[in-house]
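Engineer: Take a look at the letters that make up each chain.
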Amino acid sequence: MNLLLRGALIAAVFHITPAVVLVKRPDAVQALLPGADAYLAREVHLSDPDAHRLHELVDWSPEDGVLTFYRGTASATAVGALMFVRVDTPHGPIEVAVGFTPQGAVRGVIVTKATVEMKPWVLEAVGAGLVERYHALKPGDMPAGAAALAGHLGNLAVYIAGEVDKGVARALAAYGTFYAVRNAGA
Amino acid sequence: MLYDLGRADLRIKWLVTCLLATLGISYVFGALMVSLYAGFTPGRVAATYAGRAMSMPMPPETTMVMEHPMSMEEFVKPEVHEVDTDLLVQDTHVHVPMYGVIAAALSLVVVGLSLSQGWALALITLLFAAPWLDFAGMWLTKFVSGRFATVTLIGGWAMGLGYLVVTALAIHQMWFRTRGVVR
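Line by line, the protein sequences are chains A and B.
Just so we're aligned: 163 in the numbering used here is position 163 of the first sequence, and the numbers increase by one with no gaps anywhere.
Remember, the numbering used here sits 186 above the position in the second sequence when you count from 1.
The set of hints was computed from the structure by calculation and includes no laboratory data.
Heads up, a few of these hints could be off.
[Unchecked claim] Computed footprint of chain B on chain A; a stretch qualifies when at least three of its residues, placed anywhere within it, have a C-beta under 8 Å from a C-beta of chain B:
{"id": "1", "segment": "23–37"}
{"id": "2", "segment": "47–58"}
{"id": "3", "segment": "63–72"}
[Claimed, not checked] Straight-line Cα separation of at most 16 Å, EDC-like style, residue types lysine to aspartate or glutamate; simulated pairs:
{"id": "4", "chain 1": "A", "residue 1": "Lys24", "chain 2": "B", "residue 2": "Glu259"}
{"id": "5", "chain 1": "A", "residue 1": "Lys119", "chain 2": "A", "residue 2": "Asp88"}
{"id": "6", "chain 1": "A", "residue 1": "Lys166", "chain 2": "A", "residue 2": "Asp88"}
{"id": "7", "chain 1": "A", "residue 1": "Lys119", "chain 2": "A", "residue 2": "Glu95"}
{"id": "8", "chain 1": "A", "residue 1": "Lys24", "chain 2": "B", "residue 2": "Glu260"}
{"id": "9", "chain 1": "A", "residue 1": "Lys166", "chain 2": "A", "residue 2": "Asp141"}
[Said to hold, decoys possible] According to the in silico footprint, chain A covers these stretches of chain B (three or more CB under 8 Å from chain A):
{"id": "10", "segment": "245–255"}
{"id": "11", "segment": "268–276"}
We put the CB at the ideal spot given by N, CA and C, even for glycine.
Kindly generate the complete structure, drawing on both the sequences and the hints.
Structural biologist: Laid out in structure tokens, this is it:
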């Protein structure tokens, strides 16, 4: 019986709670590509060597080996690009939308999805100014939101900030390697 | 037999009743969660577990770029909740032990019921086989064919059926059957 109780406790502690939408994708698109009136999905199907290169950079491989960027234009003038990046954590996945200016700098970051369990930690980190820390970062820069918030917030909010850092780092690496180089002046 | 819920001490009957009620609540919310994230039709279950893995092409020899216009409506489209292989590994690791504990708890109730050995064995088998089918269906849907979504649905409904049969028999024998019971 003791074994059963321990099993139940372990299962309860590690139970993954359902995903919740914090910001709807269309709202994130409008916020990160302001004024855009036309959108283009750019799917980059990575070869094995390129997928390996990305993995070496940020310890990550996109789902099915495909990076999807969304490019926005306003009357044929480039507004920028964005991508949605999923980060798997022991508490379930979070999704981060990272928007870039036409010059290739981060315009904004929005956490679009989390789990019921992580939602309060995300809100605490975002409320403390986490996403502002990523503003104007460029490919090659290291996001350091968690380090900036450490000591000012609870451990779990700082932990989530670290996961958001990972998402932003992945977007920076993907954009710098496979978008900006091939599509300069977007 | 010494362990007979129909003749058990009031405290044991109350314990079993509370356990069944608690499991019942968790089953109701489990069903609600399934309806929110996977659905009750083979098509929705297949979309959840098969995802794009069923049609995943081989990586190209050189990186290829494809572009297509997007309308805002396409961003608005409800997204299918997809469970990829990593998430299914995690879900299996987390849920199967818990389902085992629940099946064991319900089986302990079955053992205390006045049932023929054959019926008791059948019920215990159903209680354990239902989650096996549930997760076997998910894995087969992901890696063999979307048609195996039906196996997941059968497993899910079998879990509900097993719970309802055990609960109905236990409540009846503990609280409503008077014949042959010394109070």
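Engineer: For every hint, state whether the structure bears it out.
Structural biologist: Evaluated hints:
Proximity of the segment 23–37 of chain A to chain B, defined as three or more residues with a beta carbon under 8 Å from a beta carbon of that chain, is established by the 4 residues found. Restraint check on the segment 47–58 of chain A versus chain B: 4 residues with Cβ-Cβ distances below 8 Å, three needed, restraint holds. Counting residues of the segment 63–72 of chain A whose C-beta lies closer than 8 Å to any C-beta of chain B gives 4; at least three are required, and the coverage claim holds. With a C-alpha separation of about 12 Å, the suggested pair Lys24 (chain A) and Glu259 (chain B) falls inside the 16 Å cut-off, and the hint holds.
For the suggested pair Lys119 (chain A) and Asp88 (chain A), the alpha carbons sit about 14 Å apart, so the restraint of at most 16 Å is met. Taking the CA atoms of Lys166 (chain A) and Asp88 (chain A), the gap is about 10 Å. The hint holds against a cut of 16 Å. The suggested pairing of Lys119 (chain A) with Glu95 (chain A) holds, with an alpha-carbon distance near 12 Å, which does not exceed 16 Å. At roughly 12 Å between alpha-carbon atoms, Lys24 (chain A) and Glu260 (chain B) fall within 16 Å of each other, so this suggested pair holds.
About 12 Å separates the Cα atoms of Lys166 (chain A) and Asp141 (chain A), which keeps this hinted pair within 16 Å; it holds. Here's how the segment 245–255 of chain B fares: 11 of its residues keep a CB closer than 8 Å to some CB of chain A, so the rule of at least three is met and the hint holds. Evaluation of the coverage hint for the segment 268–276 of chain B: fulfilled, as 4 residues show C-beta separations to chain A shorter than 8 Å, against a requirement of three.
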